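Line by line, the protein sequences are chains A and B.
Position one of the first sequence corresponds to residue 4 (my numbering), numbered consecutively onward.
Position one of the second sequence corresponds to residue 31 (my numbering), numbered consecutively onward.
Keep in mind that the hints were calculated from the coordinates and are not lab data.
Some hints here could point you the wrong way.
As the list claims (entries may be wrong) - Below, a list of computed lysine to any residue pairs in the SDA-like style, where the Cα atoms sit at most 25 Å apart: (1) K279(B) - M53(A); (2) K280(B) - Y234(A); (3) K222(B) - F242(B); (4) K222(B) - Y234(A); (5) K222(B) - W266(A); (6) K280(B) - A189(B); (7) K222(B) - P21(A); (8) K222(B) - M53(A); (9) K280(B) - Q89(B); (10) K279(B) - Y234(A); (11) K222(B) - D172(A); (12) K222(B) - R108(A); (13) K280(B) - M305(B); (14) K222(B) - L239(B).
All values reported here derive from a predicted model rather than from experimental measurement.
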Amino acid sequence: MTGPRPAARRRRPFGEVPGLGTLAAGFLVFLYAPIAVLVAYSFNAGSIVMVWTGFSTDWYARAFANADIRQAAFNSLVVAVTATAIATVVATLAALVLARGGRFRGSEAVLGLISLPLMVPEIVTAVAVLVFFSGIGLNLGLGNVVIAHVTFCIPFAFMPIRARLDGMDTTLEQAAQDLYASEWATFRLVTLPLLMPGVLAGAMLSFVISMDDFIITMMVAGAGDTTLPVYIYSMIRHGITPEVNAVSSILLLVSIVLVTLYWFMTRTGPGTARR
Amino acid sequence: MALLPARAPLRRTLGLLPAVAIILAFMVVPVAIMAVFSFLVPRSFGGVEWTFSTDAYVQILFERMLDDSLRFSPGYLMIVLRSFGLALLATVSCLLVGFPVAWFMARRPPGERNLWVLLITIPFWTNQLVRTFAWIIILGRNGVIEAPFRWAGILDQGATLGLMYSNLAITVGLTYTFIPLMVLPIYASLEKLDFSLVEAAADLYSSRLATFRRVVIPLARPGIIAGCLLVFIPSLGAFIQPDLLGGGKKLMLGTLVQFQFTTARNWPFGAAIAMVLLALVMVVLILHARAARPHPAPGGGQ
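Use the sequences and the hints to build the structure in full.
Encoded structure:
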């Protein structure tokens with residue numbers, strides 16, 4: 004056969020643009036290279052981050068031995084656990100009402116209010132809450148930080164719980180009621196167990212969000228109430244040693260593990276509703 | 031629909047009360063107070079005098095001279111414009127890179143797609159501050175990019191490429207931080223796209239460009255708009271990226287607000303800037319709500 008086939012109008016399929024795979028691979032490199040660089044330099048023996056002198060885990064030992072870092076990490080955990088617990092309970096209650104309470108006047112407004120923390124720029128919330136706390140003279144130390152965190156964690160806890168509720172089959176609940184289970188028994192024995200993956204997912208998201216928050220915490224936290232991100236920020240400000248990289252790497256690891264867990268949890272089980 | 035478990039209005043109220051009360055008390059009220067403060071007069075070391083004044087807003091555009099006359103002073107306007115410009119630049123670069131990546135993901139077999147979603151989600155949920163700090167190591171003096179130049183002798187010992195503390199560095203930081211928010215919604219809309227429509231267009235001798243413009247873009251529109259919003263809005267109010275990568279010289283609205291409440295201690299002016307920022311965000315959201323009205327609104331995202 005010589006020459007082009009006359010009827011070879013069938014071009015390469017539309018979606019397959021050459022080089023797209025390379026671009027996507029390059030994109031992954033773009034996403035992960037900075038993280039890899041950061042972690043790599045945490046193993047630098049020398050005290051100047053960007054001058055590689057040899058492999059060492061000394062900076063991790065130093066970070067663990069640093070009492071300020073330990074205190075900051077402890078504060079971060081206390082805040083994240085407390086804020087997550089409160090936000091998850093509050094968000095679950097709200098999600099139950101909004102998903103199962105039928106339509107009512109103002110439900111749209113409540114939904115808007117709950118997603119408000121996602122829309123207001125963080126820095127605006129940060130200074131507003133700072134001014135508000137100092138104005139009413141609220142001085143609970145870490146308590147102030149917890150209150151601020153609960154507020155912005157609520158929408159993050161709410162979203163997966165609501166999605167789970169919307170995706171759940173209500174016939175089981177109806178069957179329980181048909182079999183004369185009390186409302187409370189139905190909720191405890193049927194609804195809650197089915198809802199649990201959503202609740203856990205919401206709790207995990209709000210934990211990660213709380214652990215990672217920097218701007219609001221920086222503005223609200225008093226001198227003794229430093230959390231890990233705020234401490235890392237002050238370290239960056241005072242000159243970068245691989246110790247910053249070591250602490251940062253630990254924080255990255257925690258988030259990555261939690262997000263991966265979250266991902267597997269939201270994917271398993273029937274009735275999973277991903278947006 | 032369902033009858034469980036919150037039927038009675040009382041239970042409905044009790045269920046919603048904690049969430050509503052917390053967000054009202056610790057979000058809506060504080061922001062309202064800021065709005066009030068923006069119309070007051072500053073006290074010397076922070077705080078406000080209860081005297082009505084629009085000076086804080088006037089100060090954004092004008093400088094008050096000794097004889098009380100006003101002179102146009104573009105300093106703060108520049109910061110507003112820079113914030114807008116850099117946020118726009120970050121949005122465009124996220125779109126240019128994000129769309130092809132989302133397209134690629136949507137054409138993968140289903141199992142592989144989920145893996146891609148996970149890989150793109152992970153960096154987004156890791157600490158923003160830490161990820162931005164990583165760029166100091168890359169762009170900074172003696173950083174990863176400069177090192178080979180120095181090693182090859184192209185760059186002298188004291189010299190630097192000057193990548194840090196620039197608009198470029200901030201834009202890279204913003205793009206890097208927020209690009210997952212562009213890829214994921216576009217991917218979500220492309221994944222649902224019926225590729226037989228695309229093939230139909232090709233079968234009917236539509237050119238590639240025409241197919242793309244007339245078929246793909248309209249179908250992906252909700253995702254594109256959602257992605258642009260999710261990148262633009264946080265970029266506009268960003269603090270970490272201009273602070274760490276702009277080095278205090280290239281201020282944006284977020285850093286300016288923070289500066290007024292910490293170092294400068296001019297609360298009304300800081301509040302006025304915060305209100306400008308909030309107003310810009312609201313305008314964008316309202317425009318979006320209008321534009322999206324015919325279609326179902328794309329999900330709020332994370």
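Checked hints:
For the suggested pair K279(B) and M53(A), the alpha carbons sit about 23 Å apart, so the restraint of at most 25 Å is met. With a C-alpha separation of about 24 Å, the suggested pair K280(B) and Y234(A) falls inside the 25 Å cut-off, and the hint holds. Restraint check: the Cα-Cα separation between K222(B) and F242(B) comes to about 16 Å, which is no more than 25 Å; the hinted pair holds. The hinted pair formed by K222(B) and Y234(A) fails the criterion: a straight-line CA distance of about 44 Å is larger than 25 Å.
Taking the CA atoms of K222(B) and W266(A), the gap is about 21 Å. The hint holds against a cut of 25 Å. Restraint check: the Cα-Cα separation between K280(B) and A189(B) comes to about 21 Å, which is no more than 25 Å; the hinted pair holds. Of the supplied pair hints, the one linking K222(B) and P21(A) holds, its CA atoms being roughly 22 Å apart against a limit of 25 Å. Proposed proximity of K222(B) and M53(A) is contradicted: the alpha carbons are some 45 Å apart, above 25 Å.
Between K280(B) and Q89(B), the direct Cα distance comes to roughly 19 Å. Compliance with the 25 Å bound is thereby established for this hinted pair. Distance restraint check for K279(B) and Y234(A): the Cα-Cα separation of roughly 23 Å lies within the 25 Å cut-off, and the hinted pair is therefore satisfied. The hinted pair formed by K222(B) and D172(A) meets the criterion: a straight-line CA distance of about 23 Å does not exceed 25 Å. Between K222(B) and R108(A) the alpha-carbon distance is near 33 Å, which puts this suggested pair outside the 25 Å criterion.
Restraint check for K280(B) and M305(B): the C-alpha separation of about 20 Å stays at or below 25 Å, so the hint holds. About 21 Å separates the Cα atoms of K222(B) and L239(B), which keeps this hinted pair within 25 Å; it holds.
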